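Asks: All chains, full assembly: derive it from the sequences and hints.
Number of protein chains: 2
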Amino acid sequence: MGEFKVIGKGVVRTDAIDKVTGRAIYTADLTFPRMIYGAFVRSPYAHARIKRIDTSKAWKVPGVVAIITQEQLSKDYALVVEEEVHAAERVRRLLAGDKVRYYGEKVALVGAETLEAAKEAASLVEVEYEPLPAVTDPREAIKEGAPLIWEDREPVRGPNGELLYNVVSESHHEEGNVEQGFAESDYIFEDEFYVHRVHQTYLEPQAAIASVDEKGRITVWTSTQGIFAVRSNIARSLGLPLSHINVVGMTIGGGFGAKFGGIVDIYAVLLALFTRRPAKIVYSREEDFLDASPAPGLYVRIKTGVKRDGTIVARYVYALWDVGVGGGSLWATGAFARLYKTPHIKWDAYEVATNTPPVGAYRAPGYPQILFAGETQLNKIASELGIDPVELRLKNLKDEPGFKETLLTVAEKSNWFNREKGENEGWGIAMGWWQNASSPAAVFVSVHEDGSVKVFCGLMDLTGTETAVSQIIAETLGVRYEDVTFVRGDTDSAPFAPPSGGSTVTFSVGNAAKSAAEDALRQILEVAANQLEVKVEDLEWGDKRVWVKDDPERSLSYAEIARAAMRSEIGPIVGKGTFSAKPSDPNAFAQAVKVRVDEETGEITVLESIQALDVGRAINPILCEGQTEGGTTQSISWATMEEMKHDEQGRMINPNLADYQIPTIADVPSKVQVSLLEFPSKHGPYGAKGIGEPPITAGLAAVVSAVADATKLWVHEVPVTPERLILAMEQSKVGV
Amino acid sequence: MGEFKVIGKGVVRTDAIDKVTGRAIYTADLTFPRMIYGAFVRSPYAHARIKRIDTSKAWKVPGVVAIITQEQLSKDYALVVEEEVHAAERVRRLLAGDKVRYYGEKVALVGAETLEAAKEAASLVEVEYEPLPAVTDPREAIKEGAPLIWEDREPVRGPNGELLYNVVSESHHEEGNVEQGFAESDYIFEDEFYVHRVHQTYLEPQAAIASVDEKGRITVWTSTQGIFAVRSNIARSLGLPLSHINVVGMTIGGGFGAKFGGIVDIYAVLLALFTRRPAKIVYSREEDFLDASPAPGLYVRIKTGVKRDGTIVARYVYALWDVGVGGGSLWATGAFARLYKTPHIKWDAYEVATNTPPVGAYRAPGYPQILFAGETQLNKIASELGIDPVELRLKNLKDEPGFKETLLTVAEKSNWFNREKGENEGWGIAMGWWQNASSPAAVFVSVHEDGSVKVFCGLMDLTGTETAVSQIIAETLGVRYEDVTFVRGDTDSAPFAPPSGGSTVTFSVGNAAKSAAEDALRQILEVAANQLEVKVEDLEWGDKRVWVKDDPERSLSYAEIARAAMRSEIGPIVGKGTFSAKPSDPNAFAQAVKVRVDEETGEITVLESIQALDVGRAINPILCEGQTEGGTTQSISWATMEEMKHDEQGRMINPNLADYQIPTIADVPSKVQVSLLEFPSKHGPYGAKGIGEPPITAGLAAVVSAVADATKLWVHEVPVTPERLILAMEQSKVGV
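Residue numbers (numbering that gives the first Met the number 0), protein chains in the order written: chain A, 0 to 735; chain B, 0 to 735.
Simulated from the structure, these hints should not be mistaken for laboratory data. Careful: at least some of the hints might be erroneous.
Using 25 angstroms as the maximum straight-line C-alpha spacing, the simulated SDA-like pairs for lysine to any residue come out as follows [stated by the list, open to error]:
(1) Lys214/B x Arg235/A
(2) Lys18/B x Lys18/A
(3) Lys8/B x Glu213/A
(4) Lys18/A x Leu162/B
(5) Lys732/A x Gly601/A
(6) Lys214/B x Ala15/A
(7) Lys4/A x Lys214/B
(8) Lys581/B x Glu532/A
(9) Lys214/A x Asp28/B
(10) Lys214/A x Ile621/B
Just so we're clear, the structure is a prediction, and the values are computed from it rather than from any experiment.
Replies: Shown next as structure tokens:
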């Protein structure tokens, strides 16, 4: 990497100083004249019929300016929207109408002069419910007699012709012939796994402010991963013209997939439309737990046929995704099948509705869950066959860049083949991956009269992507990182940028940025060639200068060139770069963990986490390491502590950070070692691949396998909480 | 113009609704947490030595946080600026040091928690002055013995070898040989003219707010005609890196040339640097009069040699520009020489310092003054020779597009050759012009998924230029005007745009915008060709659709194309357009006015104003007419009422809108008729030319000539106030 001057350096993040000095402005920090505050009336039942809503007492609270119910919405929405709304229809399910389907569901929206008044009024809205039985586990929900979430939905036929209830969508796939594959196998393993729902637990709760002007133009300030995604979402949900909505992305305090819009933004817009005042909605932590969009739970039955030597012949997955009242999780099912040569593969996957909030994306959506099943089972097979799990994988891994190397790096760094462990300690290893897909993106780059560079686009930065993109531009243009200022636009001003999710933006926006920088560089060289009276081919550049190859004394600074450009045919030096779809170019991840299990309390301590990630090209190694550490920490806590729990009536019982545990620094392994491998992507900017998702994809299996190594007990349900582990150990002792 | 769909239509201005509903946000409307207010200590003398400044009493006012004098600036500036300031030197003349040179000059700057505290403290700063004699008239200032504004400046030699004092710069030019020209002339006319200083009297006083962040990055919100000009100005004045300054242009309430920065912005930045708090400075009307940058006064001696038939042979101008303590007015001197074939031309022009504030630009800077002399003299010559002034001009006008036609149009519309007038009434006619120059500019255009269009650039809109540019884009792209949203960036986000002045922006930004729209259109057609499986050449487009020429049923909407682009190699549809220098392509203006003179009071009533302007192409005829009416109104009031007056001590005596008269609706001619002529510019977008400046360039001469027609008296000094006219009439009666 000696060839690079800016890429590969751990420069300070563009947002570091603003964040550590408290200067960064979050949505909740904003206030506007005449602003009102929104609060929701929420269902105290997971499942109930609404008989009657009485807002009369609530209206008496001083300062209340709006109380919106679904009935009023259906009736009055067309009146508050000035333009022809093709889609007053669209607003038909923004609030619970005749039925609530999960605990905490929105029943009414109150707007008032103060947050206190809004909350008080919300508490005074009288709703008469007729409670119904609820179901929160997809394994129960598919059964005959289970409460029906969507009344008019017919049961579907399962793989064996059985009836499956509450299924909202399904996916079936077969390559080769698994029946034949299993017939050809020497051994067949079949296991069941269950992964509980977890919440993204971003630091900053959901927040949005909306205002509507005299022309009906809407502005939304919000905490989001993607301003263009929020815009589309509002336009679609509220039947409004896209061009009348401007979305301003504020500093975001974490998202992990849960901030693409739809949770608070459209309600802020509704309040603004009804009252013609700026309206602010900021969730409490409890509301985030009860009514945001957590990761789906997953039940998997997985069957794998192998040859005597461990060669995989066939794999079959039966999956039930717990999607609550939402959907959109099916697509990840196939992730178990990507890393290994598997002649025969099949899956039957179902999304099952439960009386829980709609699920959403969470870092590598669905991958941790499905790979937990696939990778844990591989380790179990290795154990049963007496083959080392690394050897088993090497035998089966596809021959693609970085697949074996990440695994071998982790084996080497963890001293896997001579690994040491004490009493009650164990090691586990697993692999993960990500598809590394791309999205359309556009970036503008301007070179100013002092040679400084401004980048303008609509990227929302959660993880340091502004920094990485700035480094790509600095490298391409031949300037210092410090010369580049990154400026974020809103949807009115910025060209399209994809939402920051799915590890796509350094790849996609980075590519657009590189192309914009190249466009600007072409102009710089053209002006310099004219000024120096040579051909562009005779020029070299770097350090904000251009010089004649054979006569370096003849040179011009970028500042001089930018000023000369103004007087030339070129005009201001501005580069434009766009990017669109490129084929997926997967990157592999491997992780080994060492755990200690307290036999008495069931507590699991993860002592070491050794991981290797193919980053394609480490644009900023410090940020790559940070991403990797963050993702593995989340996977370890999912494996050991995080879980959204419900009581028998379907009410979430731990909607707060006291009862819903996330790791503190004390829960992070004392030894964490990250190796960054560089197998450059054919399509990524300077070979970079998306790196945010992969680090979360292997930890569940690695931890559970390490626990098995320590306890000789394979737990099939995560998180492996102390209670669950003790119970499993006790059950195994009595031979259950 | 039937070929156009959007151009040539009088669409509603983009800023109309915000302005008429009071929603538009001006700089003074903004407040920031911890913001402080700035107030100045100003000189009560036009010329004095400063012996001592005592701030001790001022510091005792509660809420005062900064009192900055020049002494402190020189001492401490390097301390408050974090980076290496090459130019602490630069701040050496931001406040009066040992001397004040005009009445109202800034002596100290106070910052306080409230404006009241800042003003009170400013009033308590004790300054001991030693008054010096002052001079405010350039005719006096050049004389030996006049007070010297810049002590160390040596006198220069005038055209006849005489010594000229207080000259700060000079310009000399000769084409042909005027001596020979005068020798060949049948008649020689020589006249003296004097034009008094006027103020731009924009509605919104000068205003700026500055803040500095932890990284030393400066943001300035300001009322300006050009955000990039303000940025350069701050960087240069304060020795700061350009890249650390971001300028946000707020809605502007008029500028007319006076808002390119330097008056309040750098002082707001100083306060912010010294206090690390946001700092706001808003001028009172009095401060605007005393310490902004009005139009220069001008003394002209003009000598013209003609043949018996009126053919111009030679012209010579001796000009003294009254630049106060500023400069920058010389260049306009040659404007008198552009319209007419003149074999021999010469000028000697001087900028003369006086004890008045530095002058600046005011609509067609310098042209009204110099053309007043040139055009009034032509009318006088016509009168002396008994040639009709229109005939005299037709004989001499250059054969360039629009020159004769504007004149003939005015002659026709005013029924010039059979014009009617009553008692004490008179007609005057004159011509003006503007150079129609260009500036570098860049514009981005994005086509969004609903087919709507966003324009992004750094243009400041004073006169409807956003509207005109939007029309150019709509026309070029084949969308409706309503589909285009214009978004203004700040200097960090937007590509370079020139300041809105000199009638350059519709021309320059319009060209860049057209080119950006063409870039976007190319992408639209490429995607459509791919989708429809035809060649680009086989396509036609309009009304937000593309169709196959021979099979119009096969078509795609721009919305469909924009979405398809996202999935194609093109990516998001974004167009980039840049523009730079093109040769000047002058446009002519002609104006005839009819006046009535009250012989007793000396009051002049302008009854009719008939004007014709070559606009090249009327992008928006209503805006073109508005510009023309506005410019002529200003010229009429300059001719009859506007004047900055000083007493003998050099103190401005009418720094308010009661004593400094600007026209009310009652002062506007009851008949105003505008003809727009279209002689397309070779270089302008769709042939458009800059139109803001020309309408002010002819009115002074037209009015004074009409007064002469009514009174048989040629007044050589404007404004022709009632006092001045009565005095002239009385003097003429006694034969003075």
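Asks: Now tell me if each hint is right for this structure.
Replies: How the hints compare with the structure:
Using a Cα cut-off of 25 angstroms, the hinted pair lysine 214/B and arginine 235/A is violated, with the two alpha carbons roughly 41 angstroms apart. With a CA separation close to 37 angstroms, the supplied pair lysine 18/B and lysine 18/A exceeds the 25 angstroms bound. Restraint check for lysine 8/B and glutamate 213/A: the C-alpha separation of about 24 angstroms stays at or below 25 angstroms, so the hint holds. Distance check on the hinted pair: lysine 18/A and leucine 162/B sit about 64 angstroms apart at the alpha-carbon level, beyond 25 angstroms; violated.
Only pairs whose Cα atoms come within 25 angstroms are accepted, and lysine 732/A paired with glycine 601/A is accepted, the gap being roughly 14 angstroms. Of the pairs offered as hints, the one joining lysine 214/B and alanine 15/A holds, with about 11 angstroms between alpha carbons and a cut-off of 25 angstroms not exceeded. Distance restraint check for lysine 4/A and lysine 214/B: the Cα-Cα separation of roughly 24 angstroms lies within the 25 angstroms cut-off, and the hinted pair is therefore satisfied. Of the pairs offered as hints, the one joining lysine 581/B and glutamate 532/A holds, with about 22 angstroms between alpha carbons and a cut-off of 25 angstroms not exceeded.
At most 25 angstroms may separate the alpha-carbon atoms for a hinted pair to count; lysine 214/A and aspartate 28/B meet this at roughly 21 angstroms. With a C-alpha separation of about 22 angstroms, the suggested pairing of lysine 214/A with isoleucine 621/B holds against the 25 angstroms cut-off.
Violated hints, in rising order: 1, 2, 4; the structure is consistent with all others.
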